[in-house]
Amino acid sequence: MGKIILSCKPRGLGLEEFTLGLVSLYPDRRSRKQFEKKWVEFYKSDRHNSDVFKRNEENLSYLSESWVPTKKDSRLPVLLLFGNPASHSVVARMYFSYEGKGREHRIWRIFREVSLLNWVDPLPVVAGSLFDSSKVIKKRFFDLDYNSPFRLAMVVYFSMPSAPSEPSWSGVNGLCKLFGRKAIRLIENEEQKRIRRIVENFMPDGGVIIAFQKDAYNGVVTKEASGYSLRGALAGELEAKSGLHPKVKVFGVPPTRFLQGRKAKQVLKDIIVKAQG
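Numbers in the numbering used here are just positions in the sequence shown, counted from 1, shifted up by 93.
Treat the hints with care, since some could be wrong.
[What the hints assert, rightly or not] The calculated EDC-like cross-link candidates involving lysine to aspartate or glutamate, where the alpha carbons are at most 16 Å apart (straight line), are:
(1) K228 x D238
(2) K356 x E330
(3) K334 x E293
(4) K165 x D236
(5) K147 x E129
(6) K164 x D238
(7) K270 x E110
(8) K362 x E332
(9) K334 x D298
(10) K126 x E150
(11) K131 x D298
(12) K316 x D298
(13) K231 x E109
(14) K356 x E206
(15) K270 x E259
(16) K96 x E134
(17) K275 x E259
(18) K147 x E110
(19) K367 x E317
(20) K102 x D298
Derived from the structure by calculation, the hints contain no laboratory data.
It should be emphasised that the depicted structure is a prediction, and the values quoted were computed from it without experimental measurement.
With the hints as constraints, model all of the structure from the sequences given.
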């Protein structure tokens, strides 16, 4: 029986390759057969998956994103924690690379509006030059070359990408459907170890995590904290200590699809003010 559940190796700036041990996740024939049946549909759900995934009988490998600068300055470290990446963004080598037919993803505009992150010289992202844009933007991000009250990192809670616009397989719910309850818990345990290492390295003396997704929030707060709810997120009530580091505070915000709304945007603005205080 294979022992590896999840391993990771760097593949470039902000890019990593993960490998899941299918034998460890599915030691019996029945559960493995159920996974293989769902895998066919999952794989077909996004045309970019052929550039993201590769596999054999024992392992499933995929590319993912992790923007954690090693440079430091005097600003408070803030880790932006999302659910999981979209396949097309991984292919473009950039978080929230675009939406629709190549327009700038809403999250970058919202980050500018709430003064969380603003490039000194705005760089529009267009479908025809995604790789060129991502290279410049990532370099600026890793060089801390941006306007923000914080030193930022962008990380996903679940490393495996999924389709952003196919409801059956999108987001973290799509991963849960694909792997099943038992296997996703094993995967989550390994992902939490990865997040813990990132937190310890990026903010050894403390900082702030802003979680944009339910599992991400619940996975990094203490066991005593109240769980994530959309109502609580929209009301700005999700604030807790982190179970990963005693000097790290966690705020929960609405998912990115809600952030265009006035109420959700105000929650993010208020958290930025709290974090600075």
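Practice item. Check each numbered hint from earlier against the structure, then list the numbers of those it violates in ascending order. Key: 7, 11, 12, 16, 17, 19 and 20
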